[in-house]
Structure formats: structure tokens, C-alpha cells
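Q: Residue strings, one per chain:
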Amino acid sequence: MALAATKFASTPEAFSPALIARIAERARDTRAVAIAGIFHAGSGHPGGSLSCADILATLYAAELNIDAANPMDAARDRFILSKGHAAPALYGIWAAMGLMKQSEAVRLRKLGSRAQGHPHVLDMPLAETSTGSLGQGFSVAIGMALGLRLQKNAARVYALLGDGEIQEGEVWEGAMCAAHHRLSNLCTIIDYNKLQSDDRNANIMGLEPLADKWRAFGWHVQEIDGHDITALLAALKTAADCGDQPSVIIAHTIKGKGVSYMEDVPQWHGSVKLTRAQADDAFAALGLPATTLDAMLEGAMEVRHG
Amino acid sequence: MANAAPQLIGTSGDSLREAFGKALAAAAQEKTNVVVLDADIAGGTGVHHFRKAHPDRFFQFGIAEQNMMAAAGGMAATGLVPVVTTFAVFCLRAVEQARLSIAYTKRNVKIVASHPGLDVGPDGGSAQSLEDMAAFRAIPGMTVISPADPTEMALATRAVLDFKGPVYMRTGRSPSENVYGPDHRFEIGKGHVLRDGSDVTLIACGVEVARARDAAILLEAEGISARVVNMATIKPIDVALVARCARETGAIVTAEDHNIYGGLGSAVAEALAQTHPCPVEFVGVNDVFGESGEPQELAEHFRLTAPFIAAAARRAMARKRA
Numbered sequence: 001m002a003l004a005a006t007k008f009a010s011t012p013e014a015f016s017p018a019l020i021a022r023i024a025e026r027a028r029d030t031r032a033v034a035i036a037g038i039f040h041a042g043s044g045h046p047g048g049s050l051s052c053a054d055i056l057a058t059l060y061a062a063e064l065n066i067d068a069a070n071p072m073d074a075a076r077d078r079f080i081l082s083k084g085h086a087a088p089a090l091y092g093i094w095a096a097m098g099l100m101k102q103s104e105a106v107r108l109r110k111l112g113s114r115a116q117g118h119p120h121v122l123d124m125p126l127a128e129t130s131t132g133s134l135g136q137g138f139s140v141a142i143g144m145a146l147g148l149r150l151q152k153n154a155a156r157v158y159a160l161l162g163d164g165e166i167q168e169g170e171v172w173e174g175a176m177c178a179a180h181h182r183l184s185n186l187c188t189i190i191d192y193n194k195l196q197s198d199d200r201n202a203n204i205m206g207l208e209p210l211a212d213k214w215r216a217f218g219w220h221v222q223e224i225d226g227h228d229i230t231a232l233l234a235a236l237k238t239a240a241d242c243g244d245q246p247s248v249i250i251a252h253t254i255k256g257k258g259v260s261y262m263e264d265v266p267q268w269h270g271s272v273k274l275t276r277a278q279a280d281d282a283f284a285a286l287g288l289p290a291t292t293l294d295a296m297l298e299g300a301m302e303v304r305h306g
Numbered sequence: 001m002a003n004a005a006p007q008l009i010g011t012s013g014d015s016l017r018e019a020f021g022k023a024l025a026a027a028a029q030e031k032t033n034v035v036v037l038d039a040d041i042a043g044g045t046g047v048h049h050f051r052k053a054h055p056d057r058f059f060q061f062g063i064a065e066q067n068m069m070a071a072a073g074g075m076a077a078t079g080l081v082p083v084v085t086t087f088a089v090f091c092l093r094a095v096e097q098a099r100l101s102i103a104y105t106k107r108n109v110k111i112v113a114s115h116p117g118l119d120v121g122p123d124g125g126s127a128q129s130l131e132d133m134a135a136f137r138a139i140p141g142m143t144v145i146s147p148a149d150p151t152e153m154a155l156a157t158r159a160v161l162d163f164k165g166p167v168y169m170r171t172g173r174s175p176s177e178n179v180y181g182p183d184h185r186f187e188i189g190k191g192h193v194l195r196d197g198s199d200v201t202l203i204a205c206g207v208e209v210a211r212a213r214d215a216a217i218l219l220e221a222e223g224i225s226a227r228v229v230n231m232a233t234i235k236p237i238d239v240a241l242v243a244r245c246a247r248e249t250g251a252i253v254t255a256e257d258h259n260i261y262g263g264l265g266s267a268v269a270e271a272l273a274q275t276h277p278c279p280v281e282f283v284g285v286n287d288v289f290g291e292s293g294e295p296q297e298l299a300e301h302f303r304l305t306a307p308f309i310a311a312a313a314r315r316a317m318a319r320k321r322a
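Keeping their order, the protein sequence lines are chains F and Y.
Per this note's numbering, residue 1 is the first one in the first sequence, and the count goes up by one each step.
Per this note's numbering, residue 1 is the first one in the second sequence, and the count goes up by one each step.
What the hints contain is simulated information worked out from the structure, not anything from laboratory work.
Glycine is no exception: its CB is placed at the ideal position from the N, C-alpha and C atoms.
Treat the hints loosely; a few may be bogus.
What the hints assert, rightly or not - Computed Cβ-Cβ distance ranges for the label pairs, DEER-style: (1) Y:G181 - F:D244: 50 to 56 Å; (2) F:R200 - Y:G79: 49 to 55 Å; (3) F:Q267 - Y:E30: 57 to 63 Å; (4) Y:I63 - F:D244: 21 to 27 Å.
As the list claims (entries may be wrong) - When the alpha-carbon atoms are kept at most 27 Å apart in a straight line, the in silico DSS-like pairs for lysine-lysine are as follows: (5) Y:K106 - F:K101; (6) Y:K106 - Y:K190; (7) F:K152 - Y:K164; (8) Y:K164 - Y:K22; (9) Y:K31 - Y:K106; (10) Y:K106 - F:K110; (11) Y:K31 - F:K152; (12) Y:K22 - Y:K52; (13) F:K152 - Y:K106.
Unchecked claim - Simulated coverage check for chain Y against chain F, where a stretch passes if three residues somewhere in it have a Cβ under 8 Å from a Cβ of chain F: (14) 70–81; (15) 101–108.
Between the sequences and the hints, there should be enough to build the whole structure, so can you do that?
A: If you want it as C-alpha cells, here you go:
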């Protein structure tokens with residue numbers, strides 16, 4: 001489990017302990033809302049939601065220029081969850097950041113809910129686009145980066161891709177395109193948890209040498225431990241200032257991170273039904289009491305009847 | 001002059017793609033938020049006119065239509081009006097991108113497809129898109145348009161830029177017959193009665209409008225009064241006009257350079273089924289793929305020309321009397 005931490009040393013940057021603690025807390029809250037939502041829905045993808053929680057928390061708490069009081073301001077940075085099946089985590093970080101009501105975030109996958117099974121921009125404008133068909137969010141991000149640059153808008157565009165997602169040919173069409181157009185306002189992050197729907201990437205369709213592929217396509221490449229908040233902060237800072245290339249951060253992560261019985265176990269990728277005992281165990285692993293889960297579920301019920 | 005540049009085929013003349021390309025470049029003078037996305041066939045789609053006039057708003061995506069189609073959705077999200085162009089058959093390649101990243105998200109993107117149907121000619125069956133109107137018509141919120149001649153193409157180009165919402169519009173490769181004079185008016189969602197008649201109505205779109213007009217002339221010589229309707233908007237179909245034609249003429253023929261399944265004929269039949277059912281005959285490609293040949297040869301081979309439309313009219317009228 002500790003492979004990432006030993007393989008990728010954190011850049012010795014001075015980020016305040018208070019900032020790191022705040023991001024860690026947002027990440028924990030993101031995981032809790034994701035688990036509560038998946039339990040409440042009776043379906044959803046926990047593995048890939050948990051693996052990207054630290055990435056999402058770092059982006060929203062420290063990197064993205066999004067004002068909670070005016071989140072759709074034209075100058076905002078754009079974030080697209082191209083791996084749309086991790087929607088529970090996106091709703092989780094939005095709830096943690098005050099960008100979505102927690103009760104709505106937990107009321108996942110229900111008829112009439114804004115927390116659709118995959119993010120839908122018409123329900124939640126901050127989703128920036130609708131995802132759920134792998135590869136497309138990345139292309140939309142490229143279009144946004146081109147459009148913003150043409151209109152001299154300094155906002156940056158971020159896209160989070162799954163590792164299995166990059167088996168889609170469209171991703172490599174986009175990778176070629178972004179480098180050709182020198183989209184330095186585009187930052188792509190790959191949630192490299194090594195597992196996909198049926199099995200390990202290596203057994204389904206091997207991705208390695210992954211960093212070399214992106215380098216060969218003309219991208220600025222960084223490899224980090226995707227659960228090391230200091231490393232994430234440093235990599236995002238570097239990505240914003242790497243000349244005229246688009247930037248990719250290959251974030252090595254652990255699928256199911258934070259809930260020990262799910263960690264690195266392929267069967268928790270897919271849409272699963274959690275039992276109450278499993279949900280309680282997950283909350284315990286996150287250091288949260290079962291009463292927190294009860295409160296979240298009650299809130300979601302009120303939305304349903306409200 | 002063995003080293004002279006090869007002459008491009010079909011890039012000059014009064015084709016619908018040329019009419020589109022010129023109208024687009026002209027409209028973009030004042031519409032400064034219009035951008036064009038191309039997949040390495042600007043010379044074929046007509047957008048070379050736009051590229052020349054507005055190089056800063058012309059975006060090259062290479063031969064990669066899936067990325068281009070979804071990126072158009074992203075550009076629209078920043079307030080631009082993207083016109084994404086390629087051959088109709090390659091639009092089919094990116095139907096799912098059009099579905100999710102343009103239509104599901106309600107993006108103001110105009111997908112303009114050149115080289116539709118048998119009109120493609122000698123490139124053959126692999127390049128002749130006979131399924132695109134069916135595919136795009138099935139996407140919620142997608143407007144589908146196929147103008148009849150260069151005059152209408154220019155008007156439709158301006159109309160789709162003024163319209164807010166996703167549009168799929170066919171142009172055409174071959175030199176096109178003129179159907180309209182300069183006083184023609186085009187409105188999205190409205191069919192146009194090109195020629196009045198009382199015995200049967202011929203409803204056509206695209207290159208088939210001129211052939212339907214010619215069929216009406218053939219029928220007139222036999223004493224049959226055929227109404228001709230140019231149904232340039234396939235979706236949303238002009239239900240009121242279709243129903244009125246059924247009421248007033250009692251028999252309908254549809255004609256399109258497309259598979260008989262899923263396109264104009266289906267749209268007309270769906271409208272009639274819910275309003276004023278009457279005999280309908282379908283002229284189109286009969287659920288097969290095309291092949292190489294010149295457009296006119298192919299139209300005859302696949303039974304899309306005026307005599308076949310006239311024959312279909314007689315069949316429809318016979319069923320009316322039965």
C-alpha cells in the first residue's frame with residue numbers, strides 16, 4: 001500500500017501545515033459523502049471515488065480559482081471530471097466546499113436529484129460539461145482551453161481522467177491536439193489507481209510506459225503520489241508554469257483509498273450495493289462515527305420529501 | 001506540365017458546400033463569436049473560405065473527429081458558436097460525442113456535414129452516408145436540416161447561426177441545380193410549397209427537391225397535379241404542413257438521398273400517423289449501401305430520379321383510390 005509514498009518523494013515546498021490539514025479534512029469529508037451517497041443510492045462506484053478524493057480536495061481547496069459566492073464567474077478556473085463515474089466524490093468535494101448542499105450530494109442517483117449518476121451540467125453548472133462516456137470530458141476541456149485562450153480569458157482548465165479511460169482512442173486524439181495547439185492553460189490529472197472495471201489495467205490493456213507516452217505526445221509530465229497533498233500542491237504549481245506545453249500529472253493512487261477493505265480490490269470499482277455494516281465500517285475507517293452517517297442520510301431523506 | 005499542381009475535383013462551381021462556405025465566411029464578418037473546426041478537409045467542406053477570411057478563428061483538429069466533435073461542445077461552453085465540419089460519414093463516427101457533449105449539454109454547436117448520400121459519387125459506398133439523418137434525428141434536441149439549392153443553403157447558413165441550439169445540417173458535394181430565385185425565404189421548421197397541386201404531394205429534401213420538381217412536370221404531362229414540398233427541416237418536421245398536404249391531396253411521396261429508414265420518409269410518416277393517415281410511398285435508398293459511380297448514374301441506379309418519383313406518385317394515388 002505504501003509503494004507510492006516511497007517511490008515519489010515530495011518536493012520540499014513550503015506549504016503551511018494548516019493548509020495541508022484543511023485539505024486532508026476536505027478529502028475525508030469528500031470520502032464520507034461519497035460513501036453515504038453510494039449507500040443511500042444502493043449503487044455507485046466507490047473505488048474510483050475514493051482514489052481521487054485527495055486530488056479533488058487539493059484542487060478545490062487550494063488550486064481552483066472558484067469563488068463560492070459567485071461560482072460561475074466567467075473568470076473561474078474550469079474543472080471537468082472526465083472519469084464521470086467518480087461523481088459521488090465530485091458531489092462530496094462540492095458539499096465540503098459549500099458549492100452544493102450536503103443533503104443533495106448524498107441524495108445520489110435518485111429520480112429528480114441533481115446528483116445524477118454521472119455529472120450533468122444542466123443540473124449542476126459547475127460540472128462544466130456532462131460526463132460518463134470516457135474520453136469526452138478531456139476533449140471538452142481541450143475545447144474550453146482553446147475557447148478561453150481565443151477570448152483572452154486567463155482561466156485555467158483542469159481535467160481528471162481515470163487510468164482505464166485513457167484506453168479510449170479519443171484521449172490520444174486529444175493528447176495530440178492539445179500539444180499541437182500548445183495549450184499551456186490545460187492541466188490533466190490521471191488518477192492512476194491501476195484497476196479498472198474488470199481487473200488490473202495490466203491484464204485488461206496495459207498502459208505502460210505511461211509517462212513516456214505522454215512525453216512522446218509533447219506534454220509536460222509529472223509523476224507523484226496522488227495521496228500526498230504536499231506533492232499534489234507542488235505538482236499543480238509546477239503545471240501552471242511549464243512553458244507552452246499542456247501538462248499532465250500522473251497521480252499514483254490506491255483504489256478505494258481510505259477504506260481499508262476496499263483498498264486495491266478490483267470488485268469495489270464497479271457500481272456496488274453497500275450494506276449498512278459496510279457503510280459503517282467505511283465511516284469508522286475514515287474516523288467518523290456512525291451517527292455522522294445517520295445525519296447525512298436523514299438530510300437526504302428530507303430533500304426527497306421536501 | 002507534369003509538375004503542375006493537380007486540379008482539384010469538384011471544389012469549384014455551385015455546390016451546396018461552396019454556397020455554405022461562402023455564406024459562412026460572409027456571416028462571420030459581423031458574427032465575431034463564430035469559430036470553425038476542421039478535420040483536414042476544409043477544401044472539401046467549403047470552410048476554406050472561412051479559413052482565408054478569418055484565420056484566427058479557424059481551428060485545425062486533424063483527422064480526429066471524435067475529439068473535434070466533443071471539443072466543439074467545450075468551445076461553445078465558453079460563449080463561442082462553433083461550426084464543426086467534416087464529411088457526413090465522419091459525423092457518424094462522432095455521433096456519441098454529438099449526443100453527450102453537444103446535445104445532452106444543450107450546446108450551441110452547428111454540425112455541418114458535406115458529402116451526404118449518393119451525391120458523393122465515385123468515392124463509393126464507404127463514403128456515402130445514407131444513415132446520418134436517422135442517427136442525428138434520434139438525438140433529443142437536435143435540429144436536422146438539408147437545404148435544397150445554393151440559394152437556400154446560404155439562407156440556412158445564416159439561419160442556423162442565428163438559431164440557439166444544436167443543429168445538424170447537410171450540404172452537398174456535387175454542383176447543385178437551382179430551385180429558388182433570390183427572393184426565397186427560409187425558416188427553420190417550415191416546409192415550403194415549391195409548386196402547388198391537388199392529386200398527390202411530393203415531399204423532398206436536399207438534392208431530391210429538384211428531382212421532385214422534375215417529377216411533377218412529368219406527371220403534369222399525364223394530367224396529374226402534383227404538389228411539391230421542400231421539407232428542408234427534417235427535425236422538427238412541419239407537422240401542420242404535412243397534415244394539410246395529406247388532407248388536400250390524399251397521397252404522399254417522400255424523396256431523399258438517404259436510407260428510406262429513419263430520415264425524411266420516416267419523419268413524414270410519423271407525422272401522418274398522428275394527424276391524417278394516407279397512402280405514403282418512400283423514394284430513397286432501399287436499405288442497402290451505395291457504390292462508386294457518378295452522382296447522376298447512382299441516382300438512376302438506386303432509383304432516386306424524377307421518373308421513379310413519378311412512378312411512386314402513381315402508386316400512392318392508386319392506393320388512395322383502393
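Q: Could you tell me which of the numbered hints above are not met by this structure, giving the numbers in increasing order?
A: As far as the earlier hints go, only 2 is violated by this structure.
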